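A.B. asks: Given next are the chains, with one letter for each unit.
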Amino acid sequence: MQFRKLFQMLVVSGAAMGLSSGCSTPAQAQQQGKDARIDTADKDAADAGMAKAQDSDAGTQSGSGVSGW
Amino acid sequence: MNEVRRRIAGEAWAFRARVEEEATLRFNRLAGAIAAFDPDSPVPALMRRAAEDERRHAALCAGLAAFYGHPVESGRDAPIAPAHLSPRAAILYEVVAACCITETESVTTLTTLLAEALDPRVRSVLHEIARDEVTHGRMGWAHMAREAASSDVSFLSPFIPAMLAGAAGDGLFAPVDPELESEDLPRDGVLPHSKKRAIFTGTLEGVVLPGLEKFGIDAGPARAWLAAMAAR
Chain X
1 MQFRKLFQML VVSGAAMGLS SGCSTPAQAQ QQGKDARIDT ADKDAADAGM AKAQDSDAGT
61 QSGSGVSGW
Chain R
1 MNEVRRRIAG EAWAFRARVE EEATLRFNRL AGAIAAFDPD SPVPALMRRA AEDERRHAAL
61 CAGLAAFYGH PVESGRDAPI APAHLSPRAA ILYEVVAACC ITETESVTTL TTLLAEALDP
121 RVRSVLHEIA RDEVTHGRMG WAHMAREAAS SDVSFLSPFI PAMLAGAAGD GLFAPVDPEL
181 ESEDLPRDGV LPHSKKRAIF TGTLEGVVLP GLEKFGIDAG PARAWLAAMA AR
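Protein sequences, first through last, are from chains X and R.
Counting in my numbering, the first sequence runs from 1 upward without gaps.
Counting in my numbering, the second sequence runs from 1 upward without gaps.
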């Protein structure tokens with residue numbers, strides 16, 4: 001598996017695609033009356049999420065993931 | 001084909017049909033949510049198109065599940081972000097989990113399967129799905145890039161292990177019955193368990209974690225989770 005090629009194809013190309021049209025800068029967002037910045041998560045809750053993930057038993061309280069192929 | 005192979009293949013394709021249906025619902029919901037705070041973003045349009053792709057994929061997977069004699073359960077939409085996150089942070093959490101991790105993992109799984117000797121009907125389905133999955137992975141990285149350009153996204157770091165645990169499922173790092181390691185499984189579109197685990201780990205180390213680091217997200221907790229799982 002050529003992971004370097006996949007990195008370029010997915011991460012680098014995806015980022016370029018996202019930034020190809022106007023960015024949602026904090027200033028623009030403020031002008032639109034929207035939430036300008038992403039809130040920082042509560043650290044204790046994040047640590048709890050890590051601990052629960054170690055038990056492979058994460059739920060919506062601490063977050064979970066998406067099943068795939 | 002023996003009954004064990006038929007059952008394993010049927011379960012796999014039924015599971016895929018359900019997760020593809022769930023992706024349809026998730027992408028439609030996320031498209032509306034992102035458009036509300038980032039109207040210039042190309043991501044909502046990509047997500048709506050992806051939702052239609054996933055609907056088609058679900059039907060293809062359900063067709064194979066039926067061929068192998070396995071029923072398909074309906075999927076449901078369930079937000080997965082921690083309840084205490086702000087709405088916008090929760091959307092980013094979910095896009096990272098669904099696209100940057102799970103869709104990226106799907107690309108490598110599909111690519112690996114397509115290199116195997118496959119039943120023709122399985123090859124046809126995999127080909128059609130693989131065509132779309134690259135775009136689905138990219139749209140996650142596209143949203144990440146836009147959010148990272150306007151905000152600090154490093155808060156995600158301690159949440160990545162929960163996302164990985166959900167993507168891996170309960171059994172990926174557990175020992176399995178020998179029947180799940182059969183070399184005959186790929187013909188029906190199923191990877192032997194140890195190969196599936198190796199691809200999951202390789203994709204994380206080679207693509208997903210470097211991708212997160214590119215946007216300033218510390219991959220240390222994710223690497224610690226991976227090491228703990230590998231040591232089981």
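Just to be clear, a hint being listed does not mean it is correct.
Claimed, not checked - What the simulated footprint calls covered on chain X by chain R, stretch by stretch (three residues with Cβ under 8 Å from a Cβ of chain R suffice, anywhere in the stretch; the number is not a length): (1) 3 to 11; (2) 15 to 21.
As the list claims (entries may be wrong) - Distance ranges between label pairs, derived from CB positions: (3) X:M9 <-> R:A230: 37 to 45 Å; (4) X:G22 <-> R:A230: 25 to 33 Å; (5) R:S74 <-> X:R4: 17 to 25 Å; (6) X:L19 <-> R:R48: 42 to 50 Å; (7) R:P39 <-> X:F3: 21 to 29 Å; (8) X:M9 <-> R:A227: 36 to 44 Å; (9) R:N2 <-> X:M9: 33 to 41 Å; (10) R:R6 <-> X:A16: 24 to 32 Å; (11) X:R4 <-> R:V176: 29 to 37 Å; (12) X:L19 <-> R:S154: 37 to 45 Å.
As the list claims (entries may be wrong) - Listed below are several chain R residues computed to face chain X (Cβ distance under 8 Å; list not exhaustive): (13) A66; (14) Y68; (15) P71; (16) T102; (17) E105; (18) W141; (19) A162; (20) M163; (21) G166; (22) V176; (23) P178; (24) L180; (25) G202; (26) G211.
For the record, the hints were derived by calculation from the structure and aren't laboratory data.
In this text, all values refer to a predicted model and were calculated from it rather than measured experimentally.
Glycine residues also receive a C-beta, built at the ideal position from the N, C-alpha and C atoms.
A.B. asks: State the violated hints by number, sorted upward, taking the hints as numbered earlier in the document.
C.D. replies: 3, 4, 5, 6, 7, 8, 10, 12, 13, 14, 15, 22, 23 and 24
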